[in-house]
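**Student:** Take a look at the letters that make up each chain.
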Amino acid sequence: MMVKQVIGQAAFVGFAEFKHVYTPKTWLTGWMLRLVSQVVFFGLVGKMAGDRITAEYVLLGNAVTVIAIEATLVITTASLERYQGTYPMLVVSPTNMGLVYLGRGLHWVLAGLGSSALVFALVWALFRPDWNWRVAVFALPCLIVIGLGAYVYGAILAACSLRHYKFRWVYLNFGFMVLMTFCGTNVPRSFWPAPIEWATQVLPLSHGLTAMRTLAAAGPLSDVLGQLGLEVCVAALWAALTLLFFERIASKGRRDGSLNFTS
Amino acid sequence: MIEVTGLGRVFVKKGRQAKRAKQSGPTAQDSRVVALDSVNLSVPEGETHGVLGPNGAGKTTLVRILSTMLLPTSGRALVAGHDVTTEADQVRRRIGIVFGGDNGLYTRITARQNLVFWATMYRVDASVVKRRSQELLERVGLADRADEPVEGFSRGMRQRLHLARGLIGDPAVLFLDEPTMGMDPLATRDFRDLVHELKAEGRTILITTHDMSEAEALCDRVSLVDHGSILVTEPTATIGRMLSGHDRIDVTLREDQSPLLSELAGLPQVERVDKLSEPGSVRIHTVSADANPVVLRWLLDAGIDALRTGRPTLEEVYVHLVGNRGLTV
Amino acid sequence: MAAAAKVQWNTSMRAPEHMLIVVTAPVMSVIFLSIVRYNDRDDLVANAVIGTGLFGIWFVAVDVAGGVIQNERWMSTLDLVLAAPRAFALVVCGRILPVMLIGAFTLAESWLVATVGFGVQLPVAHPGIALIALIVTLLATACTATMLATFFVISRDTTIYQNALSYPFYILGGVVFPLSVLPDWIQPLGRVIFLSWSADLLRDSLSGDEVHDVVPRLGAIAGLGAIALLLGIVLIRKAADRARRTGMVSLA
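Protein chains in written order, with our numbering: chain A, 1 to 263; chain B, 1 to 329; chain C, 1 to 252.
One should not assume that every hint holds.
As the list claims (entries may be wrong) - Below, computed lysine-lysine pairings styled on BS3-like, alpha-carbon distance capped at 30 Å:
(1) B:199 with A:19
(2) A:19 with A:166
(3) A:25 with A:4
(4) B:199 with A:252
(5) B:130 with A:4
(6) A:252 with A:166
(7) B:199 with B:130
(8) A:166 with B:13
(9) C:238 with A:25
(10) A:252 with A:4
As the list claims (entries may be wrong) - Chain A stretches covered by chain C per the calculated footprint, using a threshold of three residues with CB under 8 Å from any CB of chain C:
(11) 48–61
(12) 172–179
Treat the hints as calculated values from the structure; they're not laboratory data. For each residue, glycine too, the CB sits at the ideal point set by N, CA and C.
Chain A with its partners taken away, still in its complex shape:
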């Protein structure tokens, strides 16, 4: 009961703050322009290296990865938390900060959903790829699951960035680039050496993206559901880690005195 309220309240604050992040104009001319050209860029790299099929493969991967990238932006929310001095206040409140962070940056998932869907539609309109219509119909639930998975993964990185504040940009960029590189965005996961391929099993995006690719290739829906189920399990795993990890970060901060009200 309390859990729902904490996550709900935390999410509410996030959404209220989100209004200050972009105006419609800055979102469109800055962020969207960047995302669309990023996806097109990698699509063109695919076109250079392979054929039309390769290009479409890379385009689909990158359009889906957009939501994963945007969900990890929860790290910037943690930076703001620290900048505003609310971070130590959260630590010394009688609520697990990990729980707070399961809700605190959910606005990024919603924003990512919008970006990803829009990029998806634009790419489809521009390049007329040979994707099955089912992708369009079932994209929303798939993207939501992927977004949530990447979000809780990002929440752990946010906890790390609270501790190593100086390296917050490294955590953010490295965090989403790992997903972008190894989880099947540009090349199948099987391309990588076995240990890396195995590790991608427990990373967000991997299974959800496979589900999207199955949809695009008009594969059986039962496969799609199985892959989405795995993605949900991965998300649950990272959510559990988030709950554990924030407590540990907070107690480390208590020990070494890095919790402070001024950043």
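Here the structure of chain A is known, so what remains is to put chains B and C in place on it, guided by the hints.
**Tutor:** The following block gives chains B and C in isolation, referenced to the frame of chain A:
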């Protein structure tokens, strides 16, 4: 309500910081900084206790430990009957924290939204959250501006919101760390009135400050802190006895009266005479309380009528023990 | 200008955010190389390596150009800057040049990823041309970054443009793929961006074939850089004039 025994905190500085600390002087040894050194303190329920000292004395370290933001490296601290190290969660449910300064609020949301958020964090029952937020907003005088984003608030308004935030969990113990820092005099007065009300409700309040008038206005007892240790803990009303058990006499001499000064210093009832900052003003320290009437009569007989008697103030005790560092009056 | 260079070098070395690209560039080159390798196109390794390097150089330029302006100390001296626009351009240019070395470093990183991580041999067939092309590219980037910095001063909203200056330029600059991959009508636009000339020349200098028209192509890179610098100076001078006319001295 607060029991502190042998509490200590040592910070270990790393890398470049340590190098700098070593260069800064012989006191900084081995890159270890003792912020708090075996502090003992007992604050009974309902008391408003002031912790006074210059910046870097250890006041904030003490509050950070008591509010579970920092672990001690030695000793023990109980707040509301629970150990801050082993039962942090129990402590957290029973305390409220108010820190001075602009930080610690979500500035992009409204005052009411801030309170509702923190109420949830403090596990206030959902059915009471709304009512309690409204009550607190009224209490701190923010009801009219409750639905405006905090970023437009003045320093004083933010500080009152901080106080409301600290009270949201209905705490038994309240920590106020430099609460009126940077506030204008009017806002400060309002804020102090609020603290008086809280005191009347029987809450235990620990307040750190380097403002003497604040400590005198609010605190039942004060502790003077310097270099990580408590120098003295005394009731605010009688702390002057530390320096002298009896009144001193301040007099202002006219220019033609100045020859009397040496005569005055020579009286057997006078211990010593100190010059005050105002020209012609001196402070007479007598040898005992009985000596005062004698000296007073002598002064009147000599035609000196610009005189005043009084006990040593908190400020004088502070200056005597700590020096002039970090003093605001 | 040398003093400005020193200040910037010290700042960059101390602030990890300036060094971000050093961490992300190798990952980027892993992505490019994986696409190339997966499709059995090891002949395109040079594209991946040089692409990452130019990526890094351009990223650092945009980042520093924006950072110079966001730096509060600069904000307070903007009035002085407006009083002497040409000096401003030179100072910015001086601050950006040393940081270009960080960008160039990503080229080395990328080469390392290719040879160690992916086990490809990448001989440089024309080292002299490659080196000159790289140096001219770095200079042109510093000049262009100066223009961007003045542009940021005038517009004040740096983050939008920093986003817009990333991938659109990687596409139009043909840093990884040649411009011929793009639709015909868009290719002339790419030729206005010096990056496209740099990328082509650097790629050619790595291949065994003879490199044609080296001097004119170097001239194109240098010329586009010089135009950018001039444009920057003109822009800031106009802004200064306008500020004086309207009496709004402080832009901050």
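**Student:** For each hint, tell me whether it holds in the structure or not.
**Tutor:** Now the hints, each set against the structure:
At roughly 40 Å between alpha-carbon atoms, residue 199 (chain B) and residue 19 (chain A) are farther apart than 30 Å, so this suggested pair is violated. With a C-alpha separation of about 26 Å, the suggested pairing of residue 19 (chain A) with residue 166 (chain A) holds against the 30 Å cut-off. A C-alpha spacing of about 34 Å is found between residue 25 (chain A) and residue 4 (chain A), which places the hinted pair above 30 Å, so the restraint is violated. Between residue 199 (chain B) and residue 252 (chain A) the CA atoms are separated by roughly 35 Å; this puts the pair beyond 30 Å, and the hint is violated.
About 17 Å separates the Cα atoms of residue 130 (chain B) and residue 4 (chain A), which keeps this hinted pair within 30 Å; it holds. Between the alpha carbons of residue 252 (chain A) and residue 166 (chain A) the distance comes to roughly 17 Å, so the proposed pair stays at or under 30 Å and holds. A hinted pair counts as satisfied when its Cα atoms are at most 30 Å apart, and residue 199 (chain B) with residue 130 (chain B) qualifies at roughly 24 Å. A distance of roughly 17 Å separates the Cα atoms of residue 166 (chain A) and residue 13 (chain B); the hinted pair therefore holds under the 30 Å criterion.
A C-alpha spacing of about 26 Å is found between residue 238 (chain C) and residue 25 (chain A), which places the hinted pair at or below 30 Å, so the restraint holds. For the proposed pair residue 252 (chain A) and residue 4 (chain A), the alpha carbon gap of about 27 Å is at most 30 Å, so the pair holds. Coverage of the segment 48–61 of chain A by chain C holds in this model, with 5 residues showing a Cβ closer than 8 Å to a Cβ of that chain against a need of three. Coverage of the segment 172–179 of chain A by chain C holds. Counting CB-CB distances below 8 Å, 4 residues qualify, and the rule asks for three or more.
Of the hints listed earlier, those the structure fails to meet are numbers 1, 3, 4, in rising order.
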